[in-house]
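Q: Take a look at the letters that make up each chain.
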Amino acid sequence: MFSRRLLLSAAAGIALIASAGAQAQAPIEIQWWHALTGANNDVVVKLSNDFNASQSQYKVVPSYKGSYPDTMNAGIAAFRANNAPHILQVFEVGTATMMGARGAIKPVFDVMKESGEKFDPNAYLPAVAGYYSTSKGEMLSMPFNSSTAIMWYNKDAFKKANLDPNKPPKTWPEVFDYAKKLKAAGYATCGVSNAWGTWLLLEQFSAWHNLPIATKANGMDGFDTELRINSPTHVRLLTDLVALQKDKTYDYSGRTNNGEGRFTSGECPIFMTSSGFFGNVKANAKFDFGMSTLPYYPDVAGAPQNSIIGGASLWVMGGKKADEYKGVAKFFTFLSDTDRQAWLHKESGYLPITKAAYEKVKAEGFYQTNPGRDVPVIQMAGKPPTDNSRGLRLGSLVQIRDMWSEELEAAFAGTKSPKDALDAAVARGNAALRQFERTVTR
Amino acid sequence: MEKRAIYSHKLLPYLLLVPQMVVVIVFFYFPASQALYQSFLLEDAFGLHSEFVWFENFEHVLKDPDYWLSFVVTAIFSVAVAGLSLALALLFAVMADGQIRGANAYKTLMIWPYAVAPAVAGVLWLFMFQPSLGILAQIIRDRFGVDWNPLLNGTHAMLLVIMASTWKQISYNFLFFLAGLQSIPRSVIEAAAIDGASATRRFWTIIFPLLSPTAFFLLVVNVTYVFFDTFGIIDTMTGGGPSQATSTLVYKVYNDGRAGSNLGGSAAQSVILMIIVVALTAIQFKYVERKVHY
Chain P
1 MFSRRLLLSA
11 AAGIALIASA
21 GAQAQAPIEI
31 QWWHALTGAN
41 NDVVVKLSND
51 FNASQSQYKV
61 VPSYKGSYPD
71 TMNAGIAAFR
81 ANNAPHILQV
91 FEVGTATMMG
101 ARGAIKPVFD
111 VMKESGEKFD
121 PNAYLPAVAG
131 YYSTSKGEML
141 SMPFNSSTAI
151 MWYNKDAFKK
161 ANLDPNKPPK
171 TWPEVFDYAK
181 KLKAAGYATC
191 GVSNAWGTWL
201 LLEQFSAWHN
211 LPIATKANGM
221 DGFDTELRIN
231 SPTHVRLLTD
241 LVALQKDKTY
251 DYSGRTNNGE
261 GRFTSGECPI
271 FMTSSGFFGN
281 VKANAKFDFG
291 MSTLPYYPDV
301 AGAPQNSIIG
311 GASLWVMGGK
321 KADEYKGVAK
331 FFTFLSDTDR
341 QAWLHKESGY
351 LPITKAAYEK
361 VKAEGFYQTN
371 PGRDVPVIQM
381 AGKPPTDNSR
391 GLRLGSLVQI
401 RDMWSEELEA
411 AFAGTKSPKD
421 ALDAAVARGN
431 AALRQFERTV
441 TR
Chain R
1001 MEKRAIYSHK
1011 LLPYLLLVPQ
1021 MVVVIVFFYF
1031 PASQALYQSF
1041 LLEDAFGLHS
1051 EFVWFENFEH
1061 VLKDPDYWLS
1071 FVVTAIFSVA
1081 VAGLSLALAL
1091 LFAVMADGQI
1101 RGANAYKTLM
1111 IWPYAVAPAV
1121 AGVLWLFMFQ
1131 PSLGILAQII
1141 RDRFGVDWNP
1151 LLNGTHAMLL
1161 VIMASTWKQI
1171 SYNFLFFLAG
1181 LQSIPRSVIE
1191 AAAIDGASAT
1201 RRFWTIIFPL
1211 LSPTAFFLLV
1221 VNVTYVFFDT
1231 FGIIDTMTGG
1241 GPSQATSTLV
1251 YKVYNDGRAG
1261 SNLGGSAAQS
1271 VILMIIVVAL
1281 TAIQFKYVER
1291 KVHY
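Chains as they are written, first to last, in the numbering used here: chain P, 1 to 442; chain R, 1001 to 1294.
Just so you know, the hints here were simulated from the structure itself, not pulled from any lab data. Don't take each hint at face value.
[Unchecked claim] Pairs of lysine-lysine residues, derived as DSS-like cross-links and limited to a Cα-Cα distance of at most 27 Å, are as follows:
{"id": "1", "chain 1": "P", "residue 1": "Lys416", "chain 2": "R", "residue 2": "Lys1063"}
{"id": "2", "chain 1": "P", "residue 1": "Lys248", "chain 2": "P", "residue 2": "Lys286"}
{"id": "3", "chain 1": "P", "residue 1": "Lys181", "chain 2": "P", "residue 2": "Lys155"}
{"id": "4", "chain 1": "P", "residue 1": "Lys286", "chain 2": "P", "residue 2": "Lys180"}
{"id": "5", "chain 1": "P", "residue 1": "Lys46", "chain 2": "P", "residue 2": "Lys59"}
{"id": "6", "chain 1": "R", "residue 1": "Lys1063", "chain 2": "P", "residue 2": "Lys419"}
Just chain R, same shape as in the assembly (with noise of 0.2 Å):
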């Protein structure tokens, strides 16, 4: 007979279940509703006046053809960030998981710069690619004669932010990555390594079908990273510009927000962003969780 604990409260998974639900009502589903009710609001910057105006936020804000272009922008900006740290972040982790001398070292500073604040990294980035102090600017511009300069140019300040976004989430791909590489049974690639496969092809039919939860659960992590996290990372570097180059759909959230003190249009555009997000996250889970192997 199968050996079973069975527990006959009731009562006791809800009991379990109550602190995650509390967090989970306090920081998700309260603020969540909140955004909800003042996306139908027209109201002043300190709450005074408010006006129930129905969908007129909602309307405001898809007729704006700047709304549209962050669009554009959130779309090269997220594939761009996700694609590149996850794609560097497993290469630096099948690296470092292989027999080389000092491997806990690089595993260590490896980590390091997820300790970073997102405003903190975009103020190290901006240092060494300022254009009139940065170092790297100045190599950028001396050595490869390409005219440096962020503050003006859209594509280079979307690089810079691409790299910044990018070299902030490498560590925690990366962690989880190794995680996953190191919990592969070592016979199956000896086999493998046995039979005659060779490295690039052991890679790809073993080691890679038996990442792909872990490369799964990190799709879905790093497209919410990029959409939310990177705020802090573009508001210090580019503040959205030049012109709206670097406006991303978050960004504007804060900015219509906070800057313009339009809560309602921020409000209306914080629901939208979050109703792309969910369906993302529906559509990866219907779709690419079929290709993944448990």
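So here's chain P without its partners, still in its complex pose (with noise of 0.2 Å):
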């Protein structure tokens, strides 16, 4: 009897739970993994909040993954154990792979659409949104902190040099000398850098030189495309930095952003690197600061061009239930608000994604009071994208960069000619492209 008793009051137990949160609806819950440390860490946190507060149905919580590829393997490991999140960051650099893998993903038209979000394409800066659409125009991949590589400069430094703090140098020749005077002025360990070496030194240097990274328009147009950054430019700049680095005047700081301590701390003063580096440097340089465009071999023709997009865009992971997906539609259309994508352009230095954004922060008066700010969309627009600098979509291309890095590294060590580093940056890619080429073509 007292068994019968028991089991009774806890089947009306577990019924009364039920219908309690029947009632109270929890919301719908929307993970989204992420890569951001620091204060860009925060404007997610500060997102997420901020949508969650603005109503009740859905809950998006965000949790960081480690670094730009740790995160982008920590979701391809979930998706294979059928546990991926909502959405993903992914940095510019896995793009290809993200849409090699059709069956994996959700393409952020088709999530738009079916949830009847209003979504208009041509709302989104075309710099930004066409390194995320395919050729067609649909949008794969919703564009979130976007930037571009730009040059930082120390102003006190300068001075101290007595080179005039707002005439930076504007090419190659004149940061070889300007690095030159600096060193002699007591910057002996380093007089120019950069963090990210292969982005900056042949990724953005091939577009803002107008130069092919590889055919077929940097892999956009197709997946048989083959590397091309072994060109006579090429080999010019990376001979030109092997001599400087052997005292210094040019110092490698390494395949990441680690290196970027360098500049805020006051030991480079001039330093090429992501838009994005703005909060660190605001929160962290005891010294004036500037920004300008990254230089160029001025007897290069077409040079300066313009930059690519760097930074991550946000992927739809497939597989989902339709009602998650529509608190999806609702938090991108919550990002993409005009009023909070100016927010977070001011706040982060990454570029605006909307038009409307853009033309709001520049209607406020906010570059100029705000000199060097519109530096990255100044070289991001400033020229109507060739094929060589609409983008780049390369398979593999995580650890197509580390054999780039590895072979850069050589010719900085002196172990290797530029020449033959470059060659070989260029051969061990294209195997690797054609690897990539395979697995997905099928």
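If you follow the hints, you should be able to join the two separate chains into one complex; please do so.
A: Below you can see the structure in the form of structure tokens.
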């Protein structure tokens, strides 16, 4: 008898809990995996909190998953284990890999259409949206934090070396000249340097000089693309830098952005890296700093062209429920809001992703009061992009960048000539491209 | 008559073995068989398409000059780390075993590094030796005039990962050597001392041979350590660079598989690595063990 009563009360208890749950309507959780740290992580958390506070139906849960490659790999591994997040932040380098996996992702234009959210792909800046769209103009992922590479310089150091702090060097020969003077003025261990070795010295350098990184419009027009980063102009830059590396007028700072601290600490007075570095510089640099466009070789025809974007976009993973996709679509609409985009741009140094946001920030007079903040926009959109500067879409690019880094390091260490290093970078990269082509085109 | 406990149960020994076998099957045989299967496939990162390609992955790996380079790197790295960590641990253990003030404090401190995760150890050492921020890097540069730069100089990078990996493993070796030393009967050593044998001679003729089972066990464990567990240290400190100066076999397995999404190639490498470690262990048991006195 006792056991029966217990069973009944237990059943009643369960029923009670179930009905209580139905009444409270727990919000539908949307998992968002990202790779942003420091000031940019605060932005992610604020965006999620603001969205969650704005409605009660959905709850966006952001989780930091490590570096860009770590986050992407975590997403891939989770997909294989049927445990993928709804939204995965993938850096621009992983774009081709994500596009090649049509069964694993749900294109953003589909998500928006099925959820009935208002969505106009033309509202987005073409230089940004184009990177993440098919040749038919279908947007596959949602641009989020788009940056481009620019040149940062230490105005106090310029004054110390008797250089005009309001006249940053424009060309590579000028940069070398400035770096030598800065070195002589006490910046002995580093006159000029850069983060993201291959992104700056090979990818951005190519686009900025209107040179192909690879055939087929840098891979945008097909997976059967071949690398072209061993042209005489590429060899010329590497030869110049290798010569300056000997006495540290130029000093290599590694493969990632670990070396960015060399600028904020005041060690390197000229430093090239992402425009997304802004929040960090503002918080940590104890000197007056400036921003300028990337240097170019003035005798190269067509230079400067335009730089390409970096940063990351948000991919929606496949195999989720329809009402979850609805929440994702609502969140994307929330992100694209003009005021929110304008705030994001002013706060973080990333590019505005919608035209309206850019116009709004411009109309507010923000660029007049904050000189230099429009450098990334001007650099990106100054000239209509060519096939060489529209973007970059190479499979296995994460690994190919490692190969390129290895070859650049061999050249800087003096174990290979610049020409041999770049030839090897092309040969090894092409082998990886062919491997990728085989796995996606079947 | 000899006294013996006899268990008539035929099943009991097997039952007692079950928990251990489950652990080995779940954590070793199952993943190993998966790796073996994967090494015959050509697959995209997401596992959406896959094709059975027989030995193509192995062919690809063995034809790759970078793979052979990482063999050389691994050989240098493993000999240096295993050799140094065994020799230094033995030295410290012999010293800590003597009659010294505060022996317990030393012993405790010596064991601490073992509790540090490899990735954390890597970051710690990186902080000290980072060319522009590291305190020790500045001393090396200013006092000794060496242009210390593990970001570009392969030898410097190799020294750095060897130091960190050795530091991390000394604790473990120290612990076993100390236990081994303490189990050697004092009377044997005292008898030798009375016979007039010097400390050095006592060490090489009595202590070292009696320690040989411990040393042999540690050799096997250390070889496995350098082949597999040093991955975290290399990843955090150098990422296999500069160029490919610190890209060991296990690091390459990770880099090709995770960063490169080339699962087949990576699996083929791990199968090769597995064969190498099994072969090395077999050799150790066949030839080195003969010199061991139990």
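Q: Give me the numbers of the hints this structure contradicts, sorted from smallest to largest.
A: Violated: none.
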